[in-house]
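Protein chains: 2
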Amino acid sequence: MRKKSKYNVAVVGATGAVGQQMIHLLEKRNFPIDRLKLLASSRSKGKVVPFKGHDVVIEEATPESFDDIDFALFSAGGKTSKYLAPYVAQSGAIVIDNSNAFRMDPNVPLVVPEVNPEEIFKHQGIIANPNCSTIQMVMALKPLYDHFGIERIIVSTYQAVSGAGNQAIQELKQQSKQVLNGEEVSKAILPVGSLPIKKQIAFNAIPQIDVFEENGFTLEEMKMVRETKKIFGDSSIKVTATCVRIPVVYGHSESVYVELKQSYDLKQVIELLKSASGVVVIDDPLQQEYPLAIDAAGKLEVFVGRIRRDLDHPNALNMWVVSDNLLKGAAWNAVQIAEEIIKNAK
Amino acid sequence: MRKKSKYNVAVVGATGAVGQQMIHLLEKRNFPIDRLKLLASSRSKGKVVPFKGHDVVIEEATPESFDDIDFALFSAGGKTSKYLAPYVAQSGAIVIDNSNAFRMDPNVPLVVPEVNPEEIFKHQGIIANPNCSTIQMVMALKPLYDHFGIERIIVSTYQAVSGAGNQAIQELKQQSKQVLNGEEVSKAILPVGSLPIKKQIAFNAIPQIDVFEENGFTLEEMKMVRETKKIFGDSSIKVTATCVRIPVVYGHSESVYVELKQSYDLKQVIELLKSASGVVVIDDPLQQEYPLAIDAAGKLEVFVGRIRRDLDHPNALNMWVVSDNLLKGAAWNAVQIAEEIIKNAK
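Residue numbers (the UniProt record's numbering), protein chains in the order written: chain A, 1 to 346; chain B, 1 to 346.
Treat the hints loosely; a few may be bogus.
No copy labels: a pair is met if it fits in one copy or bridges any two.
[Unchecked claim] Cut-off 30 Å, straight-line C-alpha distance, at most; resulting in silico cross-link-like pairs (DSBU-like, lysine-lysine):
1. Lys173 / Lys187
2. Lys267 / Lys238
3. Lys82 / Lys274
4. Lys45 / Lys343
5. Lys198 / Lys267
6. Lys343 / Lys28
7. Lys82 / Lys3
8. Lys187 / Lys47
9. Lys229 / Lys173
10. Lys199 / Lys267
11. Lys3 / Lys199
12. Lys187 / Lys343
13. Lys261 / Lys238
14. Lys52 / Lys177
15. Lys79 / Lys261
16. Lys261 / Lys82
17. Lys47 / Lys346
18. Lys173 / Lys299
19. Lys173 / Lys274
20. Lys229 / Lys47
21. Lys199 / Lys122
22. Lys199 / Lys274
23. Lys229 / Lys6
24. Lys198 / Lys274
25. Lys4 / Lys229
26. Lys177 / Lys122
Since the hints were derived computationally from the structure, they do not count as laboratory data.
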């Protein structure tokens, strides 16, 4: 990208849970914006969003929306990305796409800036943001991968409803009230918006995020498997995932078992994690200090705690990894990629 | 035990979350009771509990409370059990203890009737009920252990607040209302009643149940490790656990990775689980059928689903195990043990 003092930025999916955080971060980070274009479906056309003291009117996203745009941050679902992103890339803008549409495309870099920043510059117009549950896990694994190598990962997730969008947040709140008031519970969104069968999330744990694949794993689980291998550029890493939605609004938590390729010293592991960019270690069992979803909400970092030697495998350890799924898990990772491109623009 | 037509039963901890379920089950199962004695701390003395159309007045539990008692079901915490159970056992009654006080005592059988019923009859007056999170896991593992052998287990739990008692249930409900109303959240009980630092459970996930041990694991996690080995009578089984409290009222869920000692056929595994006593398989991904905590609440069985081949280890599989922690995880397992003793009385 050619260096400029300011860039034209489009946010596609501007009314969504992630889109709102993208706009918030562009403002908070003082991103060098010339013109901000907020795009959404025709339903949201005409709505007004404040940005740096001005009102920005939301426009309908069409193939013609992207003239003069430098960065297009997409978070409007896979279908929209698949349809629009190729037009945008052709027009010369860089698409940073938060959907699942291009993540496994061999011509599309899948990037976490702290983990594989070199991939950014191999793009052909589209860069994919990994899945939220993958991003925070690979952030915690990166220093271990670099120093010891990783043989195997077994992860179980505790995922917030905001990962399923604003409607899912409202559903959790409404259902919670209904349960507390002894009323009948209404179900319309979770576990998967596009599927007919709905489940109660309030005061429950749903072991389904996204659709099932033939192997009995969900797409969300397979995203963690496939994306981890792609991000590390290492298909030999073994990954097994169980992805579970729990009644939390913001912040995914993960119970991660990691088998390293060699023996390790626990203190060294903790030091490596402490010095990893974007990672914060909160780990003092005697003071009952460990990461919590409610504490991670609104923060940009990935929080790691409960770091402990496995009881059985000499090369393995267990840890608890928490991050705001809408921020580092989505909007912040996307904005970071754009900032990285600007930093390297000539 | 000598066969009688009816037995004198004491419930110690009669006002607690588990004690209430014990009383409920004794009534519902039509347990052959001559006299029911309800015991609790001095605080609850004089309270009245209905049982089969009569009122039973709660008495204070003392060493003298157990004359003529045949079965004493304890669920009043480890301290009460440690203090009173030896007196009770001496008086000739059989103590079935739901606390952690005697579980690892080599002279005390640790029993899940479907898993190791033969241990019941080795008792010397005290039989221990395993921890709730252990019971449901070993129920799902038993048929696999018998047919294939088990090399290793890695489990992450999603545990309901009722496991921490009635006050924790109230705390979750109160905190949920406070969050929904935008009020300040009051914290008094969780994660561990006896520890000074409290954490919010509403809309959160707390990776601490019970106190920490020196190895960085919590006591709850080590209970799963130690009790599983004792129940199967096999110290070679490798177990790693991460125990997490989530905002669910009734029903623990568990993400269980199991490495068998030999290769297996997935259909055979499902058939074995389907024919296991006390186990119900709910597993149809395409119909979005899998066990859920809110569905397991109030039921006696252990529900297993999401049964799938591990992607990496040829002998491993993953599953989702759910059960009502107050019932099979506590009160029902205890009542079952008593029923088993009666069935075999001569």
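Task: Index of numbered hints that the structure contradicts, given in increasing order - done: Violated hints (numbers, rising): 3, 4, 9, 11, 12, 14, 15, 16, 17, 19, 20, 21, 23, 25 and 26; every other hint is consistent with the structure.
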